[in-house]
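Participant: Chain order of the listed sequences is A and B.
Residue 83 in the working numbering sits at position 83 of the first sequence, with consecutive numbering throughout.
Here the working numbering = 1-based position in the second sequence + 245.
Keep in mind the hints are simulated off the structure, nothing from the lab.
Careful: at least some of the hints might be erroneous.
So, partial list: chain A residues that the calculated Cβ filter (under 8 Å) puts toward chain B [said to hold, decoys possible]:
(1) H93
(2) P115
(3) P160
This one's a predicted model, so the numbers in the text were calculated from it and none came from an experiment.
Heads up, the beta-carbon is just placed ideally off N, CA and C, and yes, glycines get one too.
Here is what each chain is made of, one letter per residue.
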Amino acid sequence: MTAREKSADKKDCLIGVIEDDPVTAALLETILERAGYTGVTFRSPAEFRKTSGSSSVDLLLLDWDMPGESGLEFLCSLREQEQTTTPVIFVTHYGDDERVAKGLNSGADDYVIKPVVAKVLVARIESVLRRLDHRPQAEDEWPPFEFDISNRSLRIAGEPRQVTDREYELMLFMFRRAGRVVSRETLLKHVWNLNSNVKTRSIDTHFSRLRKVFGLDGSSGWRLEGVYQKGYCLKQVPTSRVDDP
Amino acid sequence: MSNELLSPDQLAEIRALGKVRPGLPKMLLTLFETSAMEALEGCVGAWMCSDARQLESFAHRLKGTAASLGAQDVRAKAERLEMDAGRDVSIPRERLDSLALAIDATCQAYADWLQRV
């Protein structure tokens with residue numbers, strides 16, 4: 001299977017846009033939507049940090065000039081302090097050689113000069129994702145969980161299990177991002193198709209049920225954990241054996 | 246008129262994106278009006294305080310907003326303002342007035358274009 005075939009649907013790819021200009025942000029979001037991606041916009045690095053986090057997106061489009069922390073400062077902190085490898089593409093009006101080199105040398109994976117030409121931006125996103133293979137996993141088996149994508153069914157340790165559409169979406173979404181923190185906002189937008197600032201207990205209620213009903217409390221070898229002020233993370237854990245002392 | 250003020254290529258792109266989000270072309274005008282006026286107010290404030298660095302920054306913002314809408318006249322004026330502020334060149338107040346007029350004319354041209362598409 002090729003890397004391209006292994007990749008999940010584009011819609012599963014979450015692309016964060018950190019852009020303070022609302023006109024540009026609206027255009028970028030629509031370009032991503034047309035290309036089949038899911039875009040999530042943040043007005044500043046601070047808003048991104050507060051509501052999401054680099055591990056909850058598959059790629060970041062980053063403006064250079066923003067109030068407060070600049071895109072370059074934010075990128076340096078991502079790479080140096082947070083040690084994250086999330087792909088970053090600068091999307092900026094600055095086209096001088098010095099800034100392009102500085103951006104790439106500071107850890108950006110590509111650099112696009114505004115005004116954005118939609119097909120070029122999408123091609124560069126594809127190229128970065130292909131090169132770094134940072135897309136969500138497309139596999140459908142995480143033992144003992146087996147997802148049948150064609151008929152949206154679930155087996156656990158070979159046993160068919162009743163699962164609602166929402167539970168199926170939610171579990172598949174989390175398994176494809178196992179080990180990564182996924183924000184509430186991302187889940188609301190991607191799984192519930194709701195505006196990310198909607199206040200709801202629905203996520204907590206669903207996750208609580210998933211833990212109990214599907215053994216995502218660690219008993220299945222997987223644990224769904226809440227990450228304070230960040231979101232949720234599905235982790236693989238050693239299964240406790242019955243005959244353990 | 247719109248041909249001088251607005252980039253036909255960018256208008257074509259916005260029109261194409263409007264097929265994905267039907268409300269987008271109209272929404273962009275509202276966003277541009279607000280965003281461009283905020284940036285212009287920032288430019289005027291910085292000019293009154295003789296703060297070249299702030300003026301450069303607000304002019305850069307205005308350039309970005311204008312470029313995204315394809316507002317090529319506003320973009321060109323903002324770009325020259327940004328460059329001159331960066332070089333600490335003395336900037337007469339008339340240039341800011343001219344920028345304000347260009348923003349108004351662009352909004353009108355874009356609104357006319359919206360009526361036609």
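Participant: Honestly, which of those hints from before does the structure not fit?
Facilitator: 3
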